[in-house]
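J.: From first to last, the protein sequence lines stand for chains F, V and Y.
Each residue of the first sequence is one higher than the one before, counting from 1 in the working numbering.
Each residue of the second sequence is one higher than the one before, counting from 1 in the working numbering.
Each residue of the third sequence is one higher than the one before, counting from 1 in the working numbering.
What the hints contain is simulated information worked out from the structure, not anything from laboratory work.
Just to be clear, a hint being listed does not mean it is correct.
A pair counts as met if it fits within one copy or between any two copies, since identical chains are not told apart.
To be verified - Below 20 Å or equal to it, Euclidean Cα-Cα: the simulated SDA-like pairs (lysine to any residue) are:
#1 K97 x S86
#2 K135 x G80
#3 K110 x D62
#4 K110 x E66
#5 K110 x Q47
#6 K36 x V126
#7 K97 x V68
#8 K57 x Q112
#9 K135 x E71
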Amino acid sequence: MPRITRRSLVSMTTVAALAAFAPMAAFAQARPARNKVVFQVSDADPQKWNLALNNAKNVQDDLGSEDVDIEIVAYGPGIGMLKGDSPAAARIAAALKGGVRIVACENTMKAQKLVYADMLPAIGYVPAGVVELMKKQQDGYAYIRP
Amino acid sequence: MPRITRRSLVSMTTVAALAAFAPMAAFAQARPARNKVVFQVSDADPQKWNLALNNAKNVQDDLGSEDVDIEIVAYGPGIGMLKGDSPAAARIAAALKGGVRIVACENTMKAQKLVYADMLPAIGYVPAGVVELMKKQQDGYAYIRP
Amino acid sequence: MPRITRRSLVSMTTVAALAAFAPMAAFAQARPARNKVVFQVSDADPQKWNLALNNAKNVQDDLGSEDVDIEIVAYGPGIGMLKGDSPAAARIAAALKGGVRIVACENTMKAQKLVYADMLPAIGYVPAGVVELMKKQQDGYAYIRP
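Bound-form chain F, shown alone (with noise of 0.2 Å):
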C-alpha cells in the first residue's frame, strides 16, 4: 500500500473544502429562479381592482406570464373585486385565464355572510387573507399593494 504525502493530503482535504461549497453556490443560484408577486386588494375602490388587474398585466407583459407567478388576494372591504356583480368581472376572467391566481378571502365571506354562490366562477379561496399575504412573502414572493 503506498505512503501518504502530505502532497496527496492536501489535495484529499482541498476536495473536502471544494465540496462545502457547493451548496452554497446552489443556494444562491436558487434565489432569482423564479419571479413571484402577491397583489393586495383591500380596498372598496373598483379603480384599485382595475390598478391591480393593470398591474398583473404588466407583470406578465414584461416577464413573460410563463415565467412569473402571480397571485391576487381580497379581503376586507376588497371583498367586493369577486363577488357576482363585480365592475371588473370580464377583465378577472381574462386574468383567471391568463394564468393569474385571484382568490378570496373566506373569513371576509363569513364576516360579510357572503356564500361562493354569491362570488366569481373559476376564482380561489383561502381561509384567512392576510395569512395568506404573509405565506406567500414567506415563500418568497414580492408584495405589492396598489
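Starting from the known structure of chain F, fit chains V and Y onto it as the hints suggest.
T.: Below, chains V and Y alone, put in the same frame as chain F:
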C-alpha cells in the same frame, strides 16, 4: 503508531465534508420556524385602524397567538390611532393584552407636538416608524399595509 | 519524507471543515450589511407624495444618507408626482441631490401619453414600475407603501 491508509483517509475527509453540509441544513430549517408580521398604519382613517386590528386578530386566530409575532406600527397621519382619544382605544387595549406589540413613531409625535402623556397607555415607541418597518422586514417579518 | 500521524491528519481535516464553515459566516454577515428600501407612490394624492419624501428623509436622518439605498418608484395614478408641474418639484430636486433615486414608470407614461420632456429633470426611468418594485424586493430591499 498505525500507518494511515487511503481508505481511512477518505472516510475522514468525508466526515469533514459532511460537517460542512450541516450548517446549510440548519439554515434551511431556520427560515419557516417563526411566523412574523408587521402592519403599517399610516392613514388618518379609523376604518383602516379597525382593519389593521381585525387583520391582527385573524392572524392570531388562524396561526395561534403563541405562534406568531405581530407588530403594528403607527406613523405619519396614522398616529391618531394611538392618541388618548382614539376611537379604537378599547380594541387596542385588548390587542395589547392578547400579545400584539403596538408602537408609535416618535418622529411623528415630535412633528405633531405630541408627548407621551397624550398617547394611549401600554403602547411602545420607536424613534422612526419607517425605519422600524424596514428593520422588521430585514428580520424576516412579512409586511402588510391594510 | 515525514510520516503522517493520526494527530496531524485530524488537524488537517479540521482545517478543511473550518474552511467549509467560512462561507456560511460570510453569508450570515452579508445580510444586514446594507440598508435598502423602496417606496411605492401609486396614488394621485400630493399628500402621499410628501409623505413618501418625508419618509425617505427620516430614513436618511436616522441611518445616515451614506448608509442606506433609497428608491422611490412612481407609477399609475402616482405618476403626477414626477411631472414637470408637480407641486413636490422642489422637494424632489432636494431628495435627488441628497442621494435618493427617484424613477418614473414608462408603461404609465405611454398610457398617459407623457414624454420625457413632460417630466421633472434628473429623475430616472424604469420600463415597468411594478416590475421594479418586485426586483428591488428580490434584491433585499424593504418595501414601504406610504
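J.: Could you run down the list of hints and mark each one as holding or not?
T.: Checked hints:
Taking the shortest Cα distances, K97 and S86 sit within 20 Å of each other inside one copy (17 Å), while across copies they are farther apart (39 Å). Taking the shortest Cα distances, K135 and G80 never come within 20 Å of each other, neither inside one copy (23 Å) nor across copies (30 Å). In this homomeric assembly, K110 and D62 come within 20 Å of each other (Cα to Cα) only across copies, at 14 Å, whereas the closest approach inside a single copy is 37 Å. Taking identical chains as interchangeable, the C-alpha atoms of K110 and E66 are never at most 20 Å apart, the minima being 34 Å within one chain and 24 Å between chains.
Taking the shortest alpha-carbon separations for K110 and Q47, only the inter-copy value of 19 Å comes in at or below 20 Å, while the best intra-copy value is 25 Å. For a Cα distance limit of 20 Å, the shortest separation of K36 from V126 qualifies both inside one copy, at 18 Å, and across copies, at 19 Å. When the C-alpha separation of K97 and V68 is checked against a cutoff of 20 Å, the pair qualifies only within one copy, where the shortest distance is 15 Å, while the shortest distance between copies is 36 Å. When the C-alpha separation of K57 and Q112 is checked against a cutoff of 20 Å, the pair qualifies only between copies, where the shortest distance is 17 Å, while the shortest distance within a copy is 29 Å.
Taking the shortest alpha-carbon separations for K135 and E71, both the intra-copy value of 12 Å and the inter-copy value of 16 Å come in at or below 20 Å.
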